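**Student:** Below, each chain spelled out in residue letters.
Protein chains: 2
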Amino acid sequence: VLINGRYADSISVHDRGLHYGDGLFETLAVKQGQPQLWDWHMERLRAGCDRLRLAPVDPVLLRAEAEEVCAGKSRAVMKIVLTRGPAVRGYRIEAGSAATRILSLAEAADYPLSYYREGVAIRLCQTRLACNPALAGIKHLNRLEQVLARAEWDDEEIVEGLMCDVDGRVIEGIMSNIFLVRQDRIATPPVAACGVAGIMRRRIMEWARDDGLPLEERALSPREIKEADEVFLCNSLIGVWPVRRFEDADWRPGPLTARIGAAVGGCSLMPDAALSGAA
Amino acid sequence: VLINGRYADSISVHDRGLHYGDGLFETLAVKQGQPQLWDWHMERLRAGCDRLRLAPVDPVLLRAEAEEVCAGKSRAVMKIVLTRGPAVRGYRIEAGSAATRILSLAEAADYPLSYYREGVAIRLCQTRLACNPALAGIKHLNRLEQVLARAEWDDEEIVEGLMCDVDGRVIEGIMSNIFLVRQDRIATPPVAACGVAGIMRRRIMEWARDDGLPLEERALSPREIKEADEVFLCNSLIGVWPVRRFEDADWRPGPLTARIGAAVGGCSLMPDAALSGAA
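Chain order of the listed sequences is A and B.
First residue of the first sequence? That's 937 in this note's numbering, and the numbers climb one at a time after it.
First residue of the second sequence? That's 937 in this note's numbering, and the numbers climb one at a time after it.
Do not rely on the hints blindly, as some may be mistaken.
[As the list claims (entries may be wrong)] Stretch-level coverage of chain B by chain A, calculated; a stretch enters the list once three of its residues show a Cβ under 8 Å from a Cβ in chain A:
hint : region
1    : 1034-1044
2    : 1082-1090
3    : 1113-1125
4    : 1134-1147
5    : 1169-1177
6    : 1180-1187
7    : 1201-1208
[Stated by the list, open to error] Here are some, though not all, of the chain B residues that point toward chain A, as calculated from beta-carbon distances under 8 Å:
hint : residue
8    : D951
9    : V1102
10   : S1157
11   : A1194
12   : R1195
Keep in mind that the hints were calculated from the coordinates and are not lab data.
Please read these numbers as outputs of a predicted model, since none were measured by experiment.
Glycine included, every Cβ here is placed at the ideal spot set by N, Cα and C.
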């Protein structure tokens, strides 16, 4: 783990990342030594810095550190954590406080190929995403809602949980964004009041725009999801997973999901067998 | 700083407290080597562990560590942080994961005596408290709302900011709870949907109950606060601060605020001069 440019495995006990979750993170797919969709991850990180009034990190320095961490890795996961650094007690931000940069590399998770070929089973979580436009969209370190939602089930068959806002509208998965296809139109929930503006979500939205495919950003009810023709999840690491079961609804992977997976999966850790099978 | 029973100044970079704010904290006044209102702080900490499904810490062990940290300190602040400890990537809670306990001591803040004798000026923050009953009341490590609220002003004259819920009802101060007095009735907002169930808030509520003073827990509008006869703030460290100015409203410290300060301040870091002056 590279912390402020030095290899270490611990951080100051006074870091505001620990005391307040005062920071941001990005999780990137690494392929052939290269972090994928780097510019978009950096764009979101900068937007997060603006929102939290964190001093932005020198992009040249961060890129150099990322390349050092990723060097020689053919397939891995890099996590970048940025915090406001150590400080004395109190919520007030001290002028000129030094950020803490943490770059760590982990092995790529070994998901079964069936997740791509047959899809995954998902559930609806009871834990809600609170409405907070000041924190929506960015990937900050206040993640207790996700922790509580993931603690709701143990069944290994269920791979992901959907989270609703306080009004019961589906916003996203715990670690993914959700899309549905209905009569050749695709839809995904907005993330202006809560949720994360996922990088793979953006990749899919831009692909749809380029492809001339109608795409709506709108609130989705659990019922609409069950009545969809196709449902899929995405994030920077997994690429695209078709959903095969949600409550009493069942699907076989659909043609548009396969097309999208083939189109965008190359910059994720989607296995080659899934990419070609998806096409 | 005592971390899991050993003196250290850093924690694992893989600690879930850092990555997700997955943990709790308590801030206690220390007087004559003794942490104040210990049982109530421990009660709230246990309630937080239940809510977050954190394994509770052995109370005898924690008490012994607290006494070690506080020994010989006549006046100080102890912070206890409890996290879910280090883990691999992913929101899922691993069974039997070891918690991290962090006990640290800091000097008592040196607030001017005028905060107690004349009161403090406060403001209304734009940053809202999101509604989340699953996290309300407990003192968890997801504190970005407080960080953003405190970053709204620089004016040293303003000592505290009031935070509203998404419906614009005042819930609490950034680092304190709020009470108002109107026609000899006292009121404080409920903390069931957002906010922190402060220990000094509880102390005051129980004192009012014992004293036969009518006390309501109800939502307060900024306007109601301005129209109150007396307004005061409280927390475990400061004890009770009268509010002297809020927007266009001004007050001189009122008689009930003084009575309450004298009654409950002894278990906070309220200076003796303020305690006697308040009585």
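**Student:** A separate judgement is required for each hint: does it hold in the structure or not?
**Tutor:** Outcome of the hint check:
Here's how the region 1034-1044 of chain B fares: 3 of its residues keep a CB closer than 8 Å to some CB of chain A, so the rule of at least three is met and the hint holds. Check on the region 1082-1090 of chain B: 6 of its residues sit with their Cβ under 8 Å from a Cβ of chain A, so the three-residue criterion for coverage holds. Counting residues of the region 1113-1125 of chain B whose beta carbon lies closer than 8 Å to any beta carbon of chain A gives 0, which falls below the threshold of three, so the coverage claim is violated. Interface restraint, the region 1134-1147 of chain B with chain A: violated (0 residues with C-beta to C-beta distance below 8 Å; minimum three).
Given as covered by chain A, the region 1169-1177 of chain B fails the check, having 0 residues with a CB less than 8 Å from a CB of that chain where 3 are the minimum. Counting residues of the region 1180-1187 of chain B whose beta-carbon sits less than 8 Å from any beta-carbon of chain A gives 0, not enough to reach three: the coverage restraint is violated. Figure legend: the region 1201-1208 of chain B, annotated as covered by chain A; annotation inconsistent (0 residues with Cβ-Cβ distances under 8 Å, at least 3 required). For D951 (chain B), the shortest C-beta to C-beta distance to chain A is roughly 7 Å, which falls under 8 Å, so the interface hint holds.
With its C-beta approaching chain A no nearer than about 6 Å, V1102 (chain B) sits inside the 8 Å limit, and its interface hint holds. Residue-level restraint check for S1157 (chain B) is violated (minimum Cβ-Cβ distance to chain A is 20 Å; threshold 8 Å). A least Cβ separation of about 27 Å between A1194 (chain B) and chain A goes past the 8 Å threshold, and the interface hint is therefore violated. At its closest, the beta carbon of R1195 (chain B) sits 29 Å from a beta carbon of chain A; the interface hint therefore is violated under the 8 Å criterion.
The earlier numbered hints that this structure contradicts are 3, 4, 5, 6, 7, 10, 11 and 12.
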